[in-house]
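Sequence lines, in order, name chains W and R. Sequential numbering from 1 applies to the first sequence in my numbering. Sequential numbering from 1001 applies to the second sequence in my numbering.
Worth flagging that the hints you see were computed from the coordinates, not collected in a lab. Please note that a few of the clues may not be correct.
[Claimed, not checked] Below, computed lysine to any residue pairings styled on SDA-like, alpha-carbon distance capped at 20 Å:
id: 1; chain 1: W; residue 1: 252; chain 2: R; residue 2: 1320
id: 2; chain 1: W; residue 1: 252; chain 2: W; residue 2: 231
id: 3; chain 1: W; residue 1: 252; chain 2: R; residue 2: 1118
id: 4; chain 1: W; residue 1: 252; chain 2: R; residue 2: 1282
[To be verified] So the derived label-pair ranges between C-beta atoms look like this:
id: 5; chain 1: R; residue 1: 1015; chain 2: W; residue 2: 48; range: 28 to 38 Å
id: 6; chain 1: R; residue 1: 1239; chain 2: W; residue 2: 178; range: 50 to 60 Å
id: 7; chain 1: W; residue 1: 279; chain 2: R; residue 2: 1018; range: 29 to 39 Å
id: 8; chain 1: W; residue 1: 139; chain 2: R; residue 2: 1267; range: 47 to 57 Å
id: 9; chain 1: R; residue 1: 1018; chain 2: W; residue 2: 139; range: 28 to 38 Å
id: 10; chain 1: W; residue 1: 170; chain 2: R; residue 2: 1171; range: 28 to 38 Å
id: 11; chain 1: W; residue 1: 53; chain 2: R; residue 2: 1177; range: 31 to 41 Å
id: 12; chain 1: R; residue 1: 1271; chain 2: W; residue 2: 53; range: 36 to 46 Å
id: 13; chain 1: W; residue 1: 30; chain 2: R; residue 2: 1309; range: 20 to 30 Å
id: 14; chain 1: R; residue 1: 1266; chain 2: W; residue 2: 30; range: 33 to 43 Å
id: 15; chain 1: W; residue 1: 103; chain 2: R; residue 2: 1287; range: 31 to 41 Å
id: 16; chain 1: R; residue 1: 1119; chain 2: W; residue 2: 18; range: 30 to 40 Å
id: 17; chain 1: W; residue 1: 174; chain 2: R; residue 2: 1118; range: 16 to 26 Å
id: 18; chain 1: W; residue 1: 179; chain 2: R; residue 2: 1285; range: 52 to 62 Å
Glycine included, C-beta positions come from ideal geometry on N, C-alpha and C.
Number of protein chains: 2
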Amino acid sequence: MSGGPAATVPDSLARSRALIQRVLQNAVGRLEPSLAGVIAYHLGWRDQDGNEVDKPGGKSVRPTLTLLTAESVGGRAEDAVPGAVALELVHNFSLVHDDLMDGDRERRHRPTVWALFGSAEAILAGDALAALAYAVLLDAGDESGRTAARELTDATLEMIRGQSEDMDFESRIDVTEDEVLRMCAHKTGALIACAAALGAILGGGDDGQVAALRAFGSHVGIAFQAVDDVLGIWGAPDVTGKPAASDLRQHKKTLPVVHALAGPDAGEFAGMLSEGSLSDAELPRALEILEAAGSRQWCAEVAERHLAQALAALDGSDLAAGPAGELADIARFVVGRDF
Amino acid sequence: MSGGPAATVPDSLARSRALIQRVLQNAVGRLEPSLAGVIAYHLGWRDQDGNEVDKPGGKSVRPTLTLLTAESVGGRAEDAVPGAVALELVHNFSLVHDDLMDGDRERRHRPTVWALFGSAEAILAGDALAALAYAVLLDAGDESGRTAARELTDATLEMIRGQSEDMDFESRIDVTEDEVLRMCAHKTGALIACAAALGAILGGGDDGQVAALRAFGSHVGIAFQAVDDVLGIWGAPDVTGKPAASDLRQHKKTLPVVHALAGPDAGEFAGMLSEGSLSDAELPRALEILEAAGSRQWCAEVAERHLAQALAALDGSDLAAGPAGELADIARFVVGRDF
C-alpha cells in the first residue's frame, strides 16, 4: 500500500540480528537453566522439545531501529547494541505477558509460552526478560546508559498504560476513535518510539534528534498497529500465525472495530459485541458490518497518515542520509507488510 | 526466641512509613486510574469496594532497612527514600505475581489481587510496580542512582532465580537442605540484602560498608524465611492471614519439608508429597512426621544462626551506633515475630 520497496525485507534487519544475537544470548544465559529454556523457546532458538532451531524467530524490527538511529546521528551501531538488546528483551517480556493476559494460545505458528509451559512459567519468564533489559542497559558504560534506562522505563510504563486501556475497553462499547488511537500510541507506539530514541541517545545525538527520532518511532508504531489490527481480522491464519478473526472473537476494541461501532450498523454491532465471545455463525455478519462501515479502508488511511508523519519526522534533524534512508525503508516495510 | 526486644515493633518502622508514603503514592499515581486502584488495594490503601483505608498494610521492613542503612553510613534517611520506595515497589511486584503463580487466594486476611480482580490485572499490576521502581530510582539525582538501579536489577534477577527454583522443586522430592537454603537466599535474601545495600549506596557508604550491609540483609532474609516457613505450616491462620498448613497442602519444598524428607519417615513423607495435593485427612500424619524429624526445631536453629551472622555483619564496618542498633532491633524483630 505504501509504495516503494515495501515487500522486500530490508537488509538492515539481518545485519542487526547478527550484532545483537550474542549479547542477547549472554543475557538469557544469566538465568536459571529451566527458565532460560522457556525463554529460548519463546525467542525461537529452541523447539518444543528443547532442540536448537536454525532459523531465527521474529523480525527484529525494534533493535534494528535502535542500531540505525544510532548511525543516523553519527554514532556507531555497536554503541547502541545494549539499547537494541534491552528493547528486544522488553518487547518479548510484553509479548509473553500479553499472550497470557489475552488468552492467546498461538504466536508465530507455535503455542505461546503459557499454553506450552503454564501460566506461572510465562509470568516468571516475562519478569525475567524485563529485569534482564535493565541489566544490559545499566551495564552499558557511561551516563547515556542511565538516560537510556529512564527512556525505557517511561516507555514501559506507557506500554502498560496501553495494555490497561486495552483491557478496560473490552467491557466498553462506547470507545471513541481518539481513545483507541491513543491506546495504540501507548501500547505499540511507546516501545517503538523508545527503540528509535535509545539509538539516538546511545549514539550521542542531541536533544532535537532524540525527539525527532522518538516521534518517528511513535508514528511507525501507530501505523504498524493499524496494519496489525487489519491482519487480526482479515489476515490469513497461515500468515499471521493466529486463528482467523481472533481479535474479533475476543471482543478486542481494535481500530477497525471501534470505527465500525460508529458506522451505519453500530447498534447491531454493539449488540453482538456485548454478548459472550462471538460465535462462528455470527462472524460473517460481523465482517459484513465492518466492510459496510469502510473500517478496513479507514485503517489503511490511518496507517498511511502515520507513515507519512514518521517519514516527515526524519527530515530536518540533520540525520546521516544512508541510515535515515534505511529507517525510511523499515518504516515502509513494517507498514506495507502483507497488506 | 532471639532474646532482646523481639516482640516490640521497632519505632523505626512507623517513621520510615511516613517518609516514603508520599513518594510511593506519587509513583502509583502515574498509572492509569483503574490499574492504580488495583495497586492501591494491594498496598492496603483501599478496601475491596475502592474506599480509602486508614490503617496501613504491611510492615515496611524493607524500606526501613534502606533508610536505616543510609543513616548507618553517615548519610541522611531522606537521600535513601527513592531506594526505599523502589524496594517496596519491587517487593510488592513479587508478592502480586507470586500469589498468582502459587495460586494463593489470601494475603493479610484479604483476597489476593488475582483472586479479586483476575489474573490479567494481577500480571499487569506487578509489571507496573516493577517498572515504577526503576522510574523512582533512576530519577534519584546523581550517579549513585544508577549504581542503586544495578543493585536492584541484580537482586530482582536473583529473586526470579529463587522463584524458578521454588517452582522446579515442587515436582522433586530429592531437594537437599543446601539447595533449599540457596533457594531461600535467592528468593527472600536477595531483596532484603538489596534493601540494606541500597541505603548504604545512596547514603554514600564505601564499598566495604555496602558489602557488609548487603551480607547483613541476606542473613536477615534467610532467617526471616526460616521463620516464615514455620508459620506457613504451624502458624495460626488468624496470625498469618493464610489458610492453615497452606504451604504443606501445596507441596512446597519449604525448609521444614525438605528437612523432614531426610528424616526418619522420609519414605512415607515422600510418598504423601508425590501424590496430588495433601488431603485434610493426611495433614495430621504429615505434621507428626515433621515433629518426629525435629524439622520445626531445625528451622529455629537456621533462623538463629543467620540472625547471629546478620548481627555479626554489622560489626567492624564503622557504622554509626544509633542506626546500627536499630538495624539489629529490626533483625531481631523480623526473626522473633510470633515465634
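Against the structure, the hints:
no.	hint	result
1	252(W) <-> 1320(R)	violated (58 Å)
2	252(W) <-> 231(W)	holds (13 Å)
3	252(W) <-> 1118(R)	holds (17 Å)
4	252(W) <-> 1282(R)	violated (46 Å)
5	1015(R) <-> 48(W): 28 to 38 Å	violated (53 Å)
6	1239(R) <-> 178(W): 50 to 60 Å	holds (51 Å)
7	279(W) <-> 1018(R): 29 to 39 Å	violated (56 Å)
8	139(W) <-> 1267(R): 47 to 57 Å	holds (48 Å)
9	1018(R) <-> 139(W): 28 to 38 Å	holds (35 Å)
10	170(W) <-> 1171(R): 28 to 38 Å	holds (35 Å)
11	53(W) <-> 1177(R): 31 to 41 Å	holds (38 Å)
12	1271(R) <-> 53(W): 36 to 46 Å	holds (40 Å)
13	30(W) <-> 1309(R): 20 to 30 Å	holds (27 Å)
14	1266(R) <-> 30(W): 33 to 43 Å	holds (35 Å)
15	103(W) <-> 1287(R): 31 to 41 Å	holds (39 Å)
16	1119(R) <-> 18(W): 30 to 40 Å	holds (38 Å)
17	174(W) <-> 1118(R): 16 to 26 Å	holds (22 Å)
18	179(W) <-> 1285(R): 52 to 62 Å	holds (58 Å)
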